[in-house]
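Asks: Chain by chain, the residues:
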Amino acid sequence: MNRIQNKLKENKKILSIYFTAGYPSLNDTVSIIQNLETSDVDMIEIGLPFSDPLADGPTIQASSSKALKNGMTTEILFNQLKDIRKTVSIPLIIMGYFNPMLQYGVEAFCKKCQEIGIDGLIIPDLPVDVYSEDYKSTFEKYGLVNVFLITPQTSDERIRFIDSISNGFIYMVSSASVTGSQSGFGDDQKYYFERISNMDLKNPQIVGFGINNRDTFKQATQYAKGAIIGSAFIKFIAENTVENIKQFVQSIR
Amino acid sequence: MNYNVNEKGYYGKFGGAYIPEMLYPNVEALRQNYLKIMAEPSFKEEFNQLLKDYVGRPSPLYFAKRLSEKYNTKIYLKREDLNHTGAHKINNTIGQILMAKRLGKTRIIAETGAGQHGVATATVCALMGLECIVYMGEIDIARQAPNVARMKMLGATVVPALSGSRTLKDATNEAIRDWINNPVDTHYIIGSAIGPHPYPDMVTRFQSVISEEIKWQLKAHEGRENPDYVVACIGGGSNAAGTYYHFLHDENVNIIAVEAAGLGIDSGESAATSVLGKEGIIHGCKTLLMQTKDGQITEPYSISAGLDYPGVGPMHAHLSKTGRAEFMSITDADAMKAGLELSKLEGIIPAIETAHALAIFEYKTFKTDDVVVVSLSGRGDKDLDTYVKYFKL
Chain A
4 MNRIQNKLKE
14 NKKILSIYFT
24 AGYPSLNDTV
34 SIIQNLETSD
44 VDMIEIGLPF
54 SDPLADGPTI
64 QASSSKALKN
74 GMTTEILFNQ
84 LKDIRKTVSI
94 PLIIMGYFNP
104 MLQYGVEAFC
114 KKCQEIGIDG
124 LIIPDLPVDV
134 YSEDYKSTFE
144 KYGLVNVFLI
154 TPQTSDERIR
164 FIDSISNGFI
174 YMVSSASVTG
184 SQSGFGDDQK
194 YYFERISNMD
204 LKNPQIVGFG
214 INNRDTFKQA
224 TQYAKGAIIG
234 SAFIKFIAEN
244 TVENIKQFVQ
254 SIR
Chain B
102 MNYNVNEKGY
112 YGKFGGAYIP
122 EMLYPNVEAL
132 RQNYLKIMAE
142 PSFKEEFNQL
152 LKDYVGRPSP
162 LYFAKRLSEK
172 YNTKIYLKRE
182 DLNHTGAHKI
192 NNTIGQILMA
202 KRLGKTRIIA
212 ETGAGQHGVA
222 TATVCALMGL
232 ECIVYMGEID
242 IARQAPNVAR
252 MKMLGATVVP
262 ALSGSRTLKD
272 ATNEAIRDWI
282 NNPVDTHYII
292 GSAIGPHPYP
302 DMVTRFQSVI
312 SEEIKWQLKA
322 HEGRENPDYV
332 VACIGGGSNA
342 AGTYYHFLHD
352 ENVNIIAVEA
362 AGLGIDSGES
372 AATSVLGKEG
382 IIHGCKTLLM
392 QTKDGQITEP
402 YSISAGLDYP
412 GVGPMHAHLS
422 KTGRAEFMSI
432 TDADAMKAGL
442 ELSKLEGIIP
452 AIETAHALAI
462 FEYKTFKTDD
472 VVVVSLSGRG
482 DKDLDTYVKY
492 FKL
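Those sequence lines, one after another, are chains A and B. All letters in the first sequence, in the order written, are residues 4 to 256 by the numbering used here. All letters in the second sequence, in the order written, are residues 102 to 494 by the numbering used here.
Hints in this document: simulated from the structure, not taken from any laboratory. Glycine is no exception: its CB is placed at the ideal position from the N, C-alpha and C atoms. Among the hints, a few may not be true.
[To be verified] Here are the simulated DSBU-like pairs of lysine-lysine, each with C-alpha atoms no more than 35 Å apart in a straight line:
id	chain 1	residue 1	chain 2	residue 2
1	B	LYS109	A	LYS115
2	B	LYS490	A	LYS144
3	A	LYS144	B	LYS394
4	B	LYS394	A	LYS114
5	A	LYS72	A	LYS205
6	B	LYS114	A	LYS139
[Claimed, not checked] A few chain A residues facing chain B, derived, Cβ under 7 Å:
id	residue
7	ALA58
8	GLN64
9	THR77
10	ASN102
11	THR154
[Stated by the list, open to error] Incomplete in silico selection of chain B near chain A, CB under 10 Å:
id	residue
12	ILE120
13	SER264
14	ASN274
Whole structure, please, built from the sequences with the hints as guidance.
Replies: In structure tokens, the structure reads:
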């Protein structure tokens, strides 16, 4: 069984942290991962930077541009991660847009992920129908969990379909927005969190977008299995050293 | 061979809808409804009425006598430059604003490069009394000031795209992000035959009035509906798609697509996607696009802002790969020369985009009795500054 699936079985609320690989400096990747693990984070999303990140707000866009300027590529990221499993056991997910994976070759990309010990992928612009027809068997062959997004506008019928083809967790986008763009949750979110919680899905849900402090983490995890923090962490790491990551995590829970 | 979109939204292997889940409900609603709405008699009537009374259609098919003499063939110009707002863009924005109204949307967003599509969108929003937000790269705002002023005068809000290279590609990203943030009340009027399915097909259908008119107009001139060649410039490819549409499946009609070579194909400053591009995903569709080996989208270059796009519509990618269309690329210098030539020979100042299509006559020889129809996609008013500086007029 995959590390993500094992982690989700634990009786605790999951804190997952997203960071952009190659930011703030090209070679920060490994030390950020190690420090996140020792800071008691449960899961890590490694962002593969892309020139045109459609679903991301200004913070992650800027970190992606900087990472690319720093020289980050798919090949370099895989090289940085090649011995990562010698030092960490935390579940690792690569989050990135589809075009760089397509250029690397989807099968080659998945194979490399398995060799390194990556547990799952989040590809926001790979649609569910294309995945299930063309790539599901490849992902499964290499033991990768694929994570799909749902939003407040996603119909129940579609959520059921996504649940049926998922094998890890469902990424619950907290509101109609790009990443990093809101503060606090209102009644709309509460209603949405409750609605999904009541659907009794087979996959647990982890909330992302708009989680930036203790309050929003608590609100999100009241209904869901866990929450993902991205932009707030990117802002923190821009102004602090990797050794201070523990402080950030402690400010959340 | 089928050159139209198939039921899954693909042209051969190109097309599809590679979009984040946040966009799915809107794009899916459009996909399920666009053909139904376009087939409604009341829609057709309103669309055709506006094209006639507001846009000024049909646009003339003009036999360019002096240009034809010079190149020893029969050249017809399809005068999209005479449309209201000065280009073919308005055919699509009229169609999409009527679509948006029927879908119950009250807020319109658009991207624009040179500002032609932005102006055409702001125009139809004024006409319908709908809120209009146009995303435009910060750099393009600086170099296309007259069109920015036009949009403002028409009541639109022009929002600078500050991300990435701050040009058309980034304006498109910003418009998509706006749509993610406003999923309920907003319709996104994409300006070219690009984007997730059904956009390429919808835009092509709205622009197909160009080839529909060419057929009956040519019949009156030449006694036959089909020319030997149809020629159009291609950025994303909306005027080309409309110009080719009704000839796609008549293999006797040769299709020529003209891309911007910029400073030259091998100069590193070019926008010739069919030559320099590779299969990939841009702005929600699988198509040919200019990118690094690593899959990062690169910045193209052309003197004409309208051709300065790193991708090409999926229909055109298919026409290129199947060989149905002949793709040519024309440099800045040749395009500028052709623009000046048309001005002097025919008294028509073309947009620099269009001038690329006119420049092929220097490179390709046609038979004396060949009938060649060129889409004169836009007028050159917006480019006067560039012409003046280039030729030191």
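Asks: All the hints need checking, so say for each whether the structure fits it.
Replies: The hints, checked one at a time:
1. At roughly 31 Å between alpha-carbon atoms, LYS109/B and LYS115/A fall within 35 Å of each other, so this suggested pair holds.
2. Distance hint between LYS490/B and LYS144/A is unfulfilled; the C-alpha atoms sit about 60 Å from each other, more than 35 Å.
3. Distance check on the hinted pair: LYS144/A and LYS394/B sit about 26 Å apart at the alpha-carbon level, within 35 Å; holds.
4. Between the alpha carbons of LYS394/B and LYS114/A the distance comes to roughly 19 Å, so the proposed pair stays at or under 35 Å and holds.
5. Pair hint LYS72/A plus LYS205/A does not hold up; C-alpha atoms about 41 Å apart against a cutoff of 35 Å.
6. For the suggested pair LYS114/B and LYS139/A, the alpha carbons sit about 19 Å apart, so the restraint of at most 35 Å is met.
7. At its closest, the beta carbon of ALA58/A sits 4 Å from a beta carbon of chain B; the interface hint therefore holds under the 7 Å criterion.
8. At its closest, the beta carbon of GLN64/A sits 5 Å from a beta carbon of chain B; the interface hint therefore holds under the 7 Å criterion.
9. Satisfaction of the interface hint for THR77/A is found here, the shortest Cβ-Cβ separation to chain B being roughly 6 Å, below the 7 Å cut-off.
10. For ASN102/A, the shortest C-beta to C-beta distance to chain B is roughly 4 Å, which falls under 7 Å, so the interface hint holds.
11. Because the smallest distance between the Cβ of THR154/A and any Cβ of chain B comes to about 5 Å, under 7 Å, the interface hint for this residue holds.
12. For ILE120/B, the suggested interface contact is upheld, since its CB lies about 6 Å from the closest CB of chain A, less than 10 Å.
13. A distance limit of 10 Å between C-beta atoms decides the matter here; for SER264/B the minimum to chain A is near 5 Å, and the interface restraint holds.
14. The restraint placing ASN274/B at the interface with chain A holds, with a minimum CB-CB distance near 6 Å, inside the 10 Å limit.
Violation of the numbered hints given earlier is confined to hints 2, 5; the remaining hints are satisfied by the structure.
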